[in-house]
Structure formats: C-alpha cells, structure tokens
Amino acid sequence: MKEVFSLLMERLEETVRKFPPCRAACPAHVNVQAYVCLIQMGKFKEAVEVIRRDLPFPAICGRVCFSPCEDACSRINIDQAVAIRSLKRLVADIEREQGRVRAEPIPKRYSEKIAIIGAGPAGLAAAYELAKLGYPVTVFERMPEPGGMMRYCIPDYRLERFVVRNEIEYIKDLGVEIKTGVEFGKDVTIDSLRRDGYKAIFIAVGAQASAKMNIPGEDLEGVIHAVDFLRALSLGKQIDVGERVAVIGGGNTAIDAARTAKRLGAKEVMILYRRSRQEMPAHPWEVEIAEKDGVKFYFLVSPKRIIGENGRVKAVECIRMRLSEPDESGRRRPIPIPFTEHQYEVDLVIPAIGQVVETWTLPPEIVSKDGLIEVNPLTMETNIPGVFAGGDVVSGPASIIEAVGAGKRAALSIHCYLRGEPLKRENLEEVTWVKNWSSLSKKERRYESPVEKPRLSFEEVRAYLERVQRAARFEALRCLGCGPCAECLMGIDLCVKDKAVVDENRCIGCGLCVEICPYNAITKNENGVAQVSEELCKGCGTCAARCPKEAITMENISNERILAAVMNAIAEVT
Amino acid sequence: MEGNPKIICFTCSWAFPEWEIEAPPNTGVIQVKCIGRLDPIVILESFAKRVDGIIVIGCSPPDCHFIEGNLYAERTINLLKKVITLAGLEPERLHLELVSPIENKSFLNLVERFVERIKSLGPLFKGKEVDEEILFNIQAAKQAVTWSRLRILSGRERKLTEKANAYGEKISQEEIDRLIEEVMGEEYIRSKIYLLTKEKPMSVEEISKRIGVDSPLVLQHIVALRRRGLLAMDRIEGYTPLYRALEVD
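Line by line, the protein sequences give chains A and B. Counting along the first sequence from 1, when you hit position 86 you're at 86 in my numbering, and nothing is skipped either side. Counting along the second sequence from 1, when you hit position 2 you're at 2 in my numbering, and nothing is skipped either side.
Derived by calculation from the structure, the hints in this document are not laboratory data. A virtual CB, placed ideally from N, CA and C, is assigned to each residue, including glycine. Hints are supplied without guarantee of correctness; some may be wrong.
Stated by the list, open to error - Per label pair, the in silico range of CB-to-CB distance:
1. B/ALA164 x A/ASP493: 17 to 23 Å
2. B/TRP19 x A/PRO155: 43 to 49 Å
3. A/GLU288 x B/ARG117: 52 to 58 Å
4. B/GLY238 x A/ASP503: 51 to 57 Å
5. B/GLN173 x A/LYS292: 41 to 47 Å
6. B/ALA164 x A/ASP503: 55 to 61 Å
7. B/GLU162 x A/ASN556: 26 to 32 Å
8. B/ARG117 x A/THR523: 53 to 59 Å
Stated by the list, open to error - Simulated crosslink set (DSSO-like; lysine-lysine; CA at most 30 Å straight-line):
9. B/LYS126 x A/LYS549
10. B/LYS105 x A/LYS524
11. A/LYS212 x A/LYS172
12. B/LYS126 x B/LYS209
What the hints assert, rightly or not - Take a look, some chain B residues computed to stay more than 12 Å from chain A by CB distance:
13. GLU92
14. ILE102
15. ILE211
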C-alpha cells in the first residue's frame, strides 16, 4: 500500500502539492478531500458545511456539475475516480430531508453597498461571498425568479426547481437582497446605480441570447432556439413540439433540448451535428443518457436551409460533411461534400449552436470585439473603475462551477478594491494547480445518480436512507487522500490539522521516524537530524508515538491532550 | 463500580461512522486521528488512572486512512500486552480490534463483548495495599516503554521482520519476540530500580528485597543504569553504598 502511494506521489511530484488534485481542478476550489473525508467518518452534516464554505450550491452542483474534480482524481490511476459529484448530491439531499436549511443573517461589517447584475451562478456566488465578508449586497435580476440559467435553461428533470429555489433562499437568509424584474440598461444603469450609492458593481448577466445559424428559413414559425425553447417552457408556456423534432448542434444544450422535446411527446427527436461523435462538446455520459431516452443522432450533417410551407416549418435540408485532416490547432474542420443535399421532414427545428452575450444591453465601452466584456484578467475589473464583470459574459458560455469560481474571484477583488488593498497575484495564482483543466481527458464515471427516487413510505425512506448513507460512506472510503491533511477544520476533538515537530536538541538521528512515516515526509538533514516536510506530513502521529527520545511531538494533539481526554472520559463514567 | 468495570475505548475516526458510535455505560470513548498515534505511555498512563480495561479499535489492513498506522498500532499493542503481563495485569485487559470500515459490524456489540470479558476478570484495583503495588508496577512498565531501548526495538520490529536490516538480514518473528522479551525483562527491572531510588537512596540489598530479584542481578542493572547516566551513588553508609536516581528530562 505504501508503495502504491509513493508511486502516486511521484506522478504528482512535478506540480505544487498545496491542494489535492480534485480541489485544484475545481474552478471554485471546493475542498473536496475534506468533505469526502467527513463522509468517510459518517459526518454528513459537517460535509455540507465544508462544501458551503466555497460553494453556495451543493445540491445544484451535486446534480449538474460536470465534475472536473473526478477527472483529476488520483484514484483513476488505480481503477475509477471517486464519485465525488454523487457524494455531494447525496449529502445535500440528506440535509434537505430534514427540511429546508436556514442560515443566520450575517452582520454587516462594512457600509459600502454593492450591486450585482444578474442572479445567475456567478452573480449569486459573488453575492454569497460578499455577504459572508459583511457587505450589504443587492442583486438585480430581470427574470421573475433568480437563478439564471440554472433556473430557466436546465430542464426540470435534471435539476428540480425547488432545489434551485432552496439554495437561493439560503443565500437570501444571509442577508442578500434580490430584486427581480429589474432589467439592466433599462430600469437601472451604471450611472443610476452609482447615484443610488452603490460603490461597486459586478456585471454577471451571462450569455443569454442564442447564436443565429444564418441560413434561409431561420425566421419561420416552428424554429425556436434551444435556450428560448427551454426558457419558455420554464416560464410555463405551452409549446407544441409536433411529431418530429430536429435539434441542431452537439453541445449540452442541444442534448437538453432534445431530451425535453422527447419528454413533451415528440415521436422522433434527432440531433444533427456537423462533426462526429468524438468532437461533440457535450459530455459523453449525457450523450449516452440521451440515446437511452431514444434520441437519434445524425453525425456529419449540416443544415443548409429550412424549408417552409405556409410560413411553417416543413423540412430541414442538410448537406453531408467530411472531416478535414487536423489543422495547426489540431482541430478537424467539417467540409461539405457537394451534391449530398437531403431533407428531413420535421415539425419543429431547435437550433442549439451556442449562446452569445446580449451586448446591446451593455455599455458599449466595456464590450470587446468578440462580443464579450473585456476585463483585467487578474482583478476582473472592466475599464470603468469600480465596475467588475465575470461569468459567461466574460468567458463566453461555460459551466455553473466556472461561473461560481469567477464570482468568488470577483468578490475577493471587489473586497480588495473597496478596502483599498492591492490584490496580490499570489492570492489567486497559488491555488491553481491544474492550469488548464479543460484539457483533462474525460474518464469513466463511477455511476449516474438515480434521477427519480421511488415513492416510499416513511419507514421505507428510513431504510433507504440508511442504505444510501452506507453506500456513500463506502464510496467515500475509496478516496486515497492524496492531498495533504484535508483541513476540514470541523474541530473534532482529537482529529484536527496537525503536524509533527522535531526538537532538534533531542533528536539522536536514529532514523526510526524516517522508516515509519507512511508518507515519506521525514528525512534526515545534513546533521543527521530528522526534519519533517510540511507539504507531505498529514499529522497522523505514528512517528511521535514511537520516537525513542520523545523528540517528535505533534503540534496540536500532544500526549497530554489525549491523556486529558482520557481523564475527562473517566470523570464522566464515574 | 461494583459489577460495572471502568472501560476506556480508543477508536480512530474511520473504523466506524459517527452514527454507530454509542458507548455502553461506564465506557469512555475517545476518538483519535489514528490508532497509530497512541503512544504506549498514554495507554499505560490510562491504566494508572484506574481503569479496568482498554479496548483499541482501528481499521483492518489495508484500510488505514494513514496507510500503515494500524500495523504499527498492532505491534505496539502486542508489546504492551507483554509489558502489562510482566506488571501482573491480565493481558486481556488490553484488547485491539481491527475492523474493516466497510463491514457492517456493530460498535456497541464489540465494546459490550469486551466489557463482559473484563467483568469476568474482575476489577483491576481491589484493595488499598494491592492497588499501590499494581500502580507501582504500571509506573515501572510506563518507565520501561519511555526509555529508548524498547522503543527502538519495537519501532524497528516491522522493518526487521518484514524487510531486512541494514545488512540485508531478515530476522524471524520468533527471534525478535525472544529479543523483545529479553530486553523488556531487563528494562522492567531497571525501571523498578530507577523508580525506587527516585524516592530515596537505597542499597542493593534493600532493592533486592523490595522487588524480589537476586542482588547480583540488581547490581548488574545498577551498573547499566549508571552507564546511562540515570543512577548515581548517593553516599556510603557503613560499607553499603546507597544509590539514587538522577533527574533527566
């Protein structure tokens, strides 16, 4: 076992081992190892608390996060990654079983008001962080309900509405004010917010508009873009999908739209994608589920025009494509094959070829020529002082967890800006372990969490939960704990962050600790005295319990402290 | 305490989930990070606090959260069992239970079974005079495991038996057991001598009578202790030298 561990460590050697890979890979740097470790101990409640330190959406991300943490997991080198996302969902769900979680309002330490535009993941995460720091925060949202894409564009069967609502309520409990139905650029502007006394503004409006295909027939009745389609359904509108539906595009939104159409009663749903399966930007497990749902995939076809009849869609005309040899960037471009036009008869066309920022709602001076907001990559400040931006509006369409990461960084930057402290590069840079996590290859997932829970009686639910809790603990026990001490900081009596300390005057250089240490954290220095590597030591104390000269002591849990606990226990039992 | 022995249970944070940990009456449960953290001194000191039995619960190999902490703990407990036997305690009073964290075992059952066993052994501390003898023996045992000789030997035990020493020689388990027993016997007597002479200077004859060891052997140990700088001659009364323990930190 020790050998396996050292082997793993070797692979991680080149990189900074400040964080375990899972935490480093997470854009929001959620302390994965800590909550997995708490699940191992059976402390589910504490596990959620640990998640909430970095992420206000444990239940949402437990359902729909694309989990880069699992891709980075060291366990992949042995068998499969730990099912981190499912564990997160489980602890959040177990917590909710006991009723909605309420938070205490956080006292305001500062007087500077902060305005956040957009109540999506980025805006809410920033609001959450700033509220925790003690700022009065107001979030403006133009839709009737907060949540952004999480609320309106992820279908209900993947992310239940009440889950989103609960987690936003939690943020509100902290004292964040959310004003819905307020449109940026119309009801409020940067100037009006400034006049109302807001000292800093964070723009996180996301990329809400759908990209146009620019082919003839796109404005026919029966053509509805994926985000508009999903949003309309979320708003409670009825859409007749007819019998045959064509979804155009290969991203996650396309899959969502296709599965939703299937659920709405369409007999045949096809996804038309101009490259092949390998190039699909959608996550492979999503594609798999869509196939299980009966969605058909047509690869290497591209729509040329949409044919209408009496102003309504009748068919979509496509052309076959082939892939070019990889170009300099390694991408294989699709090239149309001439004279291969063919038609699919459909009742509804759902283009899902990407989202763009609604640049026309933004002040023109901050918009770049890519149609995004340009910010200082370190401070996330736009070229208007005191106005920050982050999330999809800066990066282009991405994921919830990336938006949360951006929101968190922006919150830190806003805090520094308002306090007049310089934002140090190290604050941000040192936490980035995997520089480009999107390059991580997608590995096999452990399992898909059950989408539907069977209806159960009260007794059955208890048994079910017990079984699930056991299963969760077993899954969590697969974690290798390859990072340093998880620092769950839950203040468990005799299990706290600890470190071996060598008293150099007592050490006789016998080397026993060097042999014993399971992590090879102890080496002898040039004087023959033991020295402990701070990065590697996990504070198990195996060396301290065996040092012949009592030269090694633990920083926090000394023998005396254990003995004091024994005395307490004895006093209690008599 | 009639009928209900006082029990201390050391358990690591991983062997059982939180919801399983439920202590029977008169049992104090102490969760430590890893049972490998348990210093022999701590366990013997706990006995000196007048508990009747100590059960240590950890993860069975290879499930230790700290990779090998349980294996070291196993050796330590085996050593301690021998030491407390020397001190006149029943070895059953100290028990190590390694369970796999993925087994559906009941924590309560495990501890209750141990409590039953201790009940059948009867209380460790019976009466005033006997108690003092036992306490002295435990203190001597504690002193023996505090000194480096036994600690180094038992700390090296795994390496010597499972891998090899610096010369590439592997030592059999029987051999090391014999070695440890020999060292332990010596160290235990030396501890007693050390503790006695700490109270007041004593002659070889007095010590020999007090601990029931032949005087030539006592003298041998005194020489060894003097060599280590733990003992010195205090004064000579008539023709009899009196020895006194030295304070070392």
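Here's how the hints hold up against the structure:
1. B/ALA164 x A/ASP493: 17 to 23 Å: Violated, at about 40 Å.
2. B/TRP19 x A/PRO155: 43 to 49 Å: violated (35 Å)
3. A/GLU288 x B/ARG117: 52 to 58 Å: This hint holds: roughly 55 Å between Cβ atoms.
4. B/GLY238 x A/ASP503: 51 to 57 Å: Once the Cβ atoms are compared, 44 Å apart, the range 51 to 57 Å for A/ASP503 and B/GLY238 is violated.
5. B/GLN173 x A/LYS292: 41 to 47 Å: violated (56 Å)
6. B/ALA164 x A/ASP503: 55 to 61 Å: violated (30 Å)
7. B/GLU162 x A/ASN556: 26 to 32 Å: holds (31 Å)
8. B/ARG117 x A/THR523: 53 to 59 Å: violated (44 Å)
9. B/LYS126 x A/LYS549: violated (35 Å)
10. B/LYS105 x A/LYS524: violated (42 Å)
11. A/LYS212 x A/LYS172: violated (36 Å)
12. B/LYS126 x B/LYS209: holds (24 Å)
13. GLU92: holds (20 Å)
14. ILE102: violated (5 Å)
15. ILE211: The claim holds: B/ILE211 sits with its nearest Cβ about 25 Å from chain A, beyond 12 Å.
Of the hints listed earlier, those the structure fails to meet are numbers 1, 2, 4, 5, 6, 8, 9, 10, 11, 14, in rising order.
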